[in-house]
Amino acid sequence: LAKTTQPISMDSYEGQEVNITCSHNNIATNDYITWYQQFPSQGPRFIIQGYKTKVTNEVASLFIPADRKSSTLSLPRVSLSDTAVYYCLVTDNAGNMLTFGGGTRLMVKP
Amino acid sequence: SQTIHQWPATLVQPVGSPLSLECTVEGTSNPNLYWYRQAAGRGLQLLFYSVGIGQISSEVPQNLSASRPQDRQFILSSKKLLLSDSGFYLCAWSVHNDEQYFGPGTRLTVT
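Top line first, the protein sequences correspond to chains A and B. Each residue of the first sequence is one higher than the one before, counting from 1 in my numbering. Each residue of the second sequence is one higher than the one before, counting from 111 in my numbering.
Excised from the complex, chain A in its bound form:
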């Protein structure tokens, strides 16, 4: 299974753009990259998923370089409510199983 490495924590201020990078050096050809957001005492919530290049939805953008060994979650103009833990994970297509990394604890300050 491809393991992921993310920064443990990040600080930002309201209105700023936040970029969280994740490394997944052993990603396999059929694997996808998925990001989740988790608030305390709640289950993780899906944010975005991608395979290569760039994916954008109403919440975030996901940038994946050609070698797919890393990915960057971009949150535009964060607010205080974006304070949460963000998990990067790589799907295992063969086993239909996901492995979560340690997550990045984002603190948005006023």
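Read the hints as simulated data drawn from the structure, not as lab findings. From a predicted model like this one, the values you see are computed outputs, not experimental measurements. Note that the Cβ used here is the ideal one computed from N, Cα and C, for glycine as well. Just so you know, not all the hints are guaranteed correct.
[Claimed, not checked] Okay, the calculated beta carbon distance ranges per label pair: (1) Thr53/A <-> Pro128/B: 46 to 56 Å; (2) Lys189/B <-> Asn25/A: 36 to 46 Å; (3) Asn57/A <-> Pro128/B: 22 to 32 Å; (4) Pro110/A <-> Gly164/B: 45 to 55 Å; (5) Thr29/A <-> Gln155/B: 40 to 50 Å; (6) Phe46/A <-> Gln123/B: 23 to 33 Å; (7) Asp208/B <-> Asn25/A: 17 to 27 Å; (8) Lys54/A <-> Asp208/B: 38 to 48 Å; (9) Thr113/B <-> Asn26/A: 30 to 40 Å; (10) Lys109/A <-> Gly164/B: 44 to 54 Å.
Take the given structure of chain A and dock chain B to it, following the hints.
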């Protein structure tokens, strides 16, 4: 629409006591089901996953077990709880490789 239920929401159990946590999914058929544990301040650890009735894969050797007696029912059990079993237990479902949908979780405290 699909929904996922977990109960109980919170549980306090003494060391050595048994455990049974239940998860049910509505509105979908033949989902993949997952049990995760999250220790305080830590990331999610996959414990078990199931791709069908009676099919259970274990990721971490421990004193926990899982069963899937019905298509949309997933049960996490233990015969004797340890202090280290305390944590936030999350059940999730997915269809193939798509995003996972998580339940509300059960906070277990072993005393």
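Find the hints from earlier in the document that the structure breaks and name them by number, from lowest to highest. 3, 5 and 8
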